[in-house]
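Single-letter residue listing:
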Amino acid sequence: AQKITQTQPGMFVQEKEAVTLDCTYDTSDQSYGLFWYKQPSSGEMIFLIYQGSYDEQNATEGRYSLNFQKARKSANLVISASQLGDSAMYFCAMDSSNTGKLIFGQGTTLQVKP
Amino acid sequence: DAEITQSPRHKITETGRQVTLACHQIWNHNNMFWYRQDLGHGLRLIHYSYGVHDTNKGEVSDGYSVSRSNTEDLPLTLESAASSQTSVYFCASGTQWNEQFFGPGTRLTVL
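Protein sequence lines correspond, in order, to chains F and A.
Position one of the first sequence corresponds to residue 1 (this note's numbering), numbered consecutively onward.
Position one of the second sequence corresponds to residue 115 (this note's numbering), numbered consecutively onward.
Please keep in mind that the hints were generated in silico from the structure rather than gathered at the bench.
Since the structure is predicted, the reported quantities are computational estimates derived from the model, not experimental observations.
There's no promise every hint is true.
What the hints assert, rightly or not - Partner residues aside, some chain A positions facing chain F, computed with beta carbon under 10 Å:
| # | residue |
| --- | --- |
| 1 | ILE140 |
| 2 | TRP141 |
| 3 | TYR149 |
| 4 | VAL166 |
| 5 | GLU173 |
| 6 | GLY177 |
| 7 | GLU213 |
Just so you know, even glycine gets a beta-carbon here, dropped at the ideal spot from N, CA and C.
Using the sequences provided together with the hints, build the complete structure.
See the structure below:
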């Protein structure tokens, strides 16, 4: 069964420190994509980063990087130099078979402390 | 102008009424999707479309329908609203498999 698991309901991080949000996935497909989205308290879903299953390099977008470990089926999000504005809910999602149909995890709430 | 808009942003309706939520994107993306977000469930796919006149059922499609008469719009209709359909609804669109952009969401309450 295709599934995304985010085991950390809530996380705290000190401002300016790095934080890793965990995501594991389950799929039998060889070709798939992994996404991370940020949902601030205002409610919109903001695309952060994408990793394709055949991408050899870990994806990076500014302060966001995706630690992709294919054998472990994990796609952790690393946020470097946390800012107060990073406080939000973060969702990991998978597009299995590259159909555009996203399966979401239940999310991790991140709070950045000043 | 926002690239993908949803209307209304908030809606309160009564059980049994028909409700239509609008989604409009300006990018001419072929792929459009509707999700619902409930506490404890993340987002779940309701319906999706890969182009004009194409519609497909997602994971939680019962009680919902969509139609795609042009590239820009994918309205979501609740045929007979039920309290279990109280949720936040997100529309999304994309043209490549490595992108999917979301609208601002519609908060629907069914009394």
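Now for the hints, and whether the structure bears them out:
Against a cut-off of 10 Å between C-beta atoms, the interface hint on A/ILE140 is violated, since the closest Cβ of chain F lies about 17 Å away. Among the interface hints, the one on A/TRP141 is violated; its C-beta lies about 13 Å from the nearest C-beta in chain F, farther than the 10 Å criterion. Given the 10 Å rule on beta carbons, the hint for A/TYR149 holds: about 8 Å separates it from the nearest Cβ of chain F. Taken as an interface hint, A/VAL166 does not check out: its beta carbon lies about 16 Å from the nearest beta carbon of chain F, beyond 10 Å.
Interface hint status for A/GLU173: upheld, as the beta-carbon distance to the closest one in chain F is roughly 8 Å, under 10 Å. Given the 10 Å rule on beta carbons, the hint for A/GLY177 is violated: about 19 Å separates it from the nearest Cβ of chain F. Because the beta carbon of A/GLU213 sits about 7 Å from the nearest beta carbon in chain F, less than 10 Å, this interface hint is met.
Hint compliance for this structure: hints 1, 2, 4 and 6 are broken, all remaining hints hold.
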